[in-house]
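Engineer: Taken in order, these protein sequences are the chains called A, B, C and D. Using numbering that gives the first Met the number 0, read the first sequence as starting at 0 and increasing by one per residue. Using numbering that gives the first Met the number 0, read the second sequence as starting at 0 and increasing by one per residue. Using numbering that gives the first Met the number 0, read the third sequence as starting at 0 and increasing by one per residue. Using numbering that gives the first Met the number 0, read the fourth sequence as starting at 0 and increasing by one per residue.
Be aware that a few hints might be false.
Copies of one chain are not kept apart here, so a pair can be met inside one copy or by any two copies together.
In silico lysine to aspartate or glutamate, EDC-like type, Cα no more than 20 Å apart, as pairs [said to hold, decoys possible]:
id	residue 1	residue 2
1	K251	E263
2	K90	E326
3	K90	E182
4	K251	D265
5	K251	E275
Keep in mind the hints are simulated off the structure, nothing from the lab.
There are 4 protein chains.
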Amino acid sequence: MAVLGAGRMGQTHIRNLAAIADVHVVVVADPDLAAATRGRQIARADRVVTDPHEAILDRGVEAVVIVTPTSTHAELIEAAVEAGKAVWSEKPIALDLAETARVVDVIGRTGQPVQLGFMRRFDPGYAAARARIEAGDLGRIEQFRALSRDTFPPSVDFLRHAGGIFLDMAVHDLDLARFLVGEVREVRAWASVLADPRFAEANDFDTAMTVLHFENGALGVVETARHSAWGYDIRTEVAGADGKVVVEAAQKTPVTFSRRFAFEGDHFQSFPDRFEAAFRLEMEAFIAAIRDGHEPTPGPGDALETLRLALACKRSQAEDRVVRLAEVTM
Amino acid sequence: MAVLGAGRMGQTHIRNLAAIADVHVVVVADPDLAAATRGRQIARADRVVTDPHEAILDRGVEAVVIVTPTSTHAELIEAAVEAGKAVWSEKPIALDLAETARVVDVIGRTGQPVQLGFMRRFDPGYAAARARIEAGDLGRIEQFRALSRDTFPPSVDFLRHAGGIFLDMAVHDLDLARFLVGEVREVRAWASVLADPRFAEANDFDTAMTVLHFENGALGVVETARHSAWGYDIRTEVAGADGKVVVEAAQKTPVTFSRRFAFEGDHFQSFPDRFEAAFRLEMEAFIAAIRDGHEPTPGPGDALETLRLALACKRSQAEDRVVRLAEVTM
Amino acid sequence: MAVLGAGRMGQTHIRNLAAIADVHVVVVADPDLAAATRGRQIARADRVVTDPHEAILDRGVEAVVIVTPTSTHAELIEAAVEAGKAVWSEKPIALDLAETARVVDVIGRTGQPVQLGFMRRFDPGYAAARARIEAGDLGRIEQFRALSRDTFPPSVDFLRHAGGIFLDMAVHDLDLARFLVGEVREVRAWASVLADPRFAEANDFDTAMTVLHFENGALGVVETARHSAWGYDIRTEVAGADGKVVVEAAQKTPVTFSRRFAFEGDHFQSFPDRFEAAFRLEMEAFIAAIRDGHEPTPGPGDALETLRLALACKRSQAEDRVVRLAEVTM
Amino acid sequence: MAVLGAGRMGQTHIRNLAAIADVHVVVVADPDLAAATRGRQIARADRVVTDPHEAILDRGVEAVVIVTPTSTHAELIEAAVEAGKAVWSEKPIALDLAETARVVDVIGRTGQPVQLGFMRRFDPGYAAARARIEAGDLGRIEQFRALSRDTFPPSVDFLRHAGGIFLDMAVHDLDLARFLVGEVREVRAWASVLADPRFAEANDFDTAMTVLHFENGALGVVETARHSAWGYDIRTEVAGADGKVVVEAAQKTPVTFSRRFAFEGDHFQSFPDRFEAAFRLEMEAFIAAIRDGHEPTPGPGDALETLRLALACKRSQAEDRVVRLAEVTM
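The whole structure should be built from the sequences, with the hints applied where relevant.
Structural biologist: This is the structure:
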């Protein structure tokens, strides 16, 4: 394997790769050589490079893991599949529909297996919810609700290139909506700056609310906020004619403390602790898929459809109107 | 006291009145004499009548509790306050804004204390949430979310006169929105028939989704469904800059059963068990208010404003557009 | 009905009686006339007396509710059944086995229905646990565990006449052990003064631990403490070959507050809030039994057997050895 | 590192070692070469051997991880420390007090760092509980309670050499008792065969109950059962004058399913899923200790004292009497 990008998330993925039997990280690429070296130490990799293309072209490399800045994903995915390598990449492929579609075409032409980092699908809670839904235990789906509150707001610099609250953050819940309920017909979105004026500086919002009308008739709502004073607040509900699933990990440490007529427990801090298992499981699933010759999932088609959905939300907010998914074309 | 209406809810209120010291139910009025008689037995009342006006005018009666069909509330409230009696009445005063405003004027002119049956405000969970918010523990409010799923859908006959899902059912959550967060500036509502075609027959809906924009900038959503296969599903969340409250009674009986690698507990069935304490406490608060000479709450003004909000939702759904509260006038 | 004793618990029972249809409290007896008068107001009773025997002998009284000090129970129960009245009495009948047996004999001779105030059996949690066990859902019972921590330690004066931690406090869990699992063959008990030296002054203990060997082979433990800084802490577990039930009401108010990476909820304060429903339901069950001509339960036999069990615990602690129940005779 | 033993637990430890930066497993030893080879693949180790002593003496090896059968621990620990290697070993050192003391002496003489596998101390729940206790948040400790139910009973063959329910299974809770509350002065234990007659064949028990008297006056109870039809049931409670901690991970997957007026969630299956983090963290702590030159904990002294406690329980059960810890000498 080659790992491109050895920042915080890169090191998480390297650590997870290191724990999978018979996976060998040949090379770690990062313009920051100190970061690359830390990654090599974790994975006992053979070497480090600063140029990701050099890592991609390494003859010993069968698969490439891309954890670089968003703006480089499209180019690196293309380079890797053109070089005949399997690819796991952080989402998104790109923030632009046309560019994403072009990359998806290239992937399709090369026939290389590509998996995108919508890691929540691998969280045991979401996987179990999906299994219940697929088994028919909920009956016809009527309602979807996803709340996400990130704990720590990103920097203004990051925000300027992140694509905005719908493409950068709500996209995880939009992917879950498609994963758990199905495709969306139209959306209506609102957004505000309530918590921190720096979001306005970056032409972004810190709080958003999106209503989803699914093709199967279900109604959904996605609540998104960029900060949380009480911890990482992620809750998803799917209700149907016969039953309901709620995915929420409300307590982090399995200890409760009682005093003065009250009890207390702790919340998860942020995605690294809440989705620790999901990050591990998505990488195991990718390795298993390329070993067994199965198509990995979520794949390029999911990336494209979820991006279209996020762009519909962004347009709905900007134009203050309902937007049909069919309107969102290249 | 006189109690007008001795159906199921009437008997609940009679039982709660009977447990308050020094409250004496003088007369129970119901066109169904058998129901009235059951009510008299519970309260050890002096007599039963079929005509509610006869009960109102009874000289021994200081306060009137109105639990009659919705269409009679306005007339009976007016008659009672004109007769110099304090009034507790099930909500709504009326389904029409002009009629409601007229009754509110009459109440104001007579100066009689009037309390309306928005019982959730007396549930210890909502009361504690409100106390946290008023104490400033949440900081600036950013998000409001209310989910309500009734367990058993009402009959088509009932639906034909109930005013629709927004006025009949969502109104409880709209009242909570005002109670916990404040006044609403504009709304956007959708509704569907997903669960049961009989709602279409009654020109009503079984599933609705309403987005609220509060005057203080907070974003809210109200999810409403007329049936639930898993029990009475009521959950309310208010999130602010510094903290969050969640009101939900997820388990009814304090016993958990474990077998085959799983645990289970039971849900509440419907409003009589979930809000048993609220029904008792709202009546105690009414009695305390009229004894102490305090103005009871929620009063006629709340009834008027919450009706205006529900009408805005109804109009938004019907006209498929955002509706400002300021548009909803008589 | 006559109610003997109008202290705090007496008023709870009077309030619950007042809410049962067609029950009329004729007379409230208490040496403290002010307390009796408050009780009369709650129940709209006809009159108050200071002498309990006068109340028992009132011709209008069919049933007597005894909420007087423990030392008077035996005498008043005997007087009431001899006068042909049904009896509900707070536990215990007496703190002495011989006296209890004598009263049980008198009750048996008169044939009057008598119910004792082991109210936990009427808590919906314990009732549901018992139903699971009787349905065979747990299979053969293997383990029983009961924890009880009272919130507020009683006064030294009370303690001097209460019979000690086993007879006064652990007795509730010993009754549950018999109710949920069955009869006990032998016990081993320890007790200490850990929290408050005043317990030593009263020749009592504030912390106790009792191991139970049931006749059906199950092992049990009862943990008892006289104070709790975090609220009323009551938890009962029964585990069997196939399943397990846990009875615990860990949260009082249905609201959770989150801030600074933690959530918190409140505990119950003490028995009046935790067992509010049980106090109401035990009185309803008593009235239903005497109306329908069924034998009320728990009855005198339960009082006798649970006392024998508590005395075995007390003797085990005192003599620092295992005590077989068969040893505890008059 | 050398890893001795590549069975199920051995592979867990190898996987955890593989995820720690700059740890290199030089050699995996197991008489079953296929198992050793699987271990080598996971850790990308240099080689496999069948003789553990060959692995210990490997010049490239600085530290030895011992995951072999219990009966070999003492000999291998001695060999490793005599060879100047740091040691992490599964508990126990031995089932015999004299042999354990001898090994502890050898360790002390060599000065090598040795850590024992009481992994629960590294579970974030127990670690947080200990931190609360050390911070004084509970005040004087009054009660300790530990319940452990293993899911799957071991084979009769295993049981014949495991030392019995107290030494093999209760020992984890006895270690927690020492970790959370302190040393024990005397114990009283009982045990039964309730679930499976095969335990009687192995001269062992499937259900045990042990009362602990701590030197600081606290009372404790340890409930132990060898099977559980509902999952791995581990709950620990420590109550003090000012507060209480409860360590329990009641739900495994963060998803709740509701239908037919009930909700359900899943339990943990067994120690590998419940204590996944603890197994990882104990190995990280060992590596950190030997890197930083700190003494690892829990060390040989803990192993000796916890064994003494377990032997006291075993003797108490066998001799049907209270046993003081001071009696348990070599």
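Engineer: Hint by hint, say whether it matches the structure.
Structural biologist: Verification of the hints:
1. K251 to E263: both (12 Å within a copy, 13 Å between copies)
2. K90 to E326: Result: close neither inside a copy nor across copies, 23 Å intra and 44 Å inter.
3. K90 to E182: within (19 Å within a copy, 40 Å between copies)
4. K251 to D265: Both: 6 Å inside a copy, 16 Å across copies.
5. K251 to E275: Cα proximity of K251 and E275: in one copy and across copies (12 Å, 14 Å).
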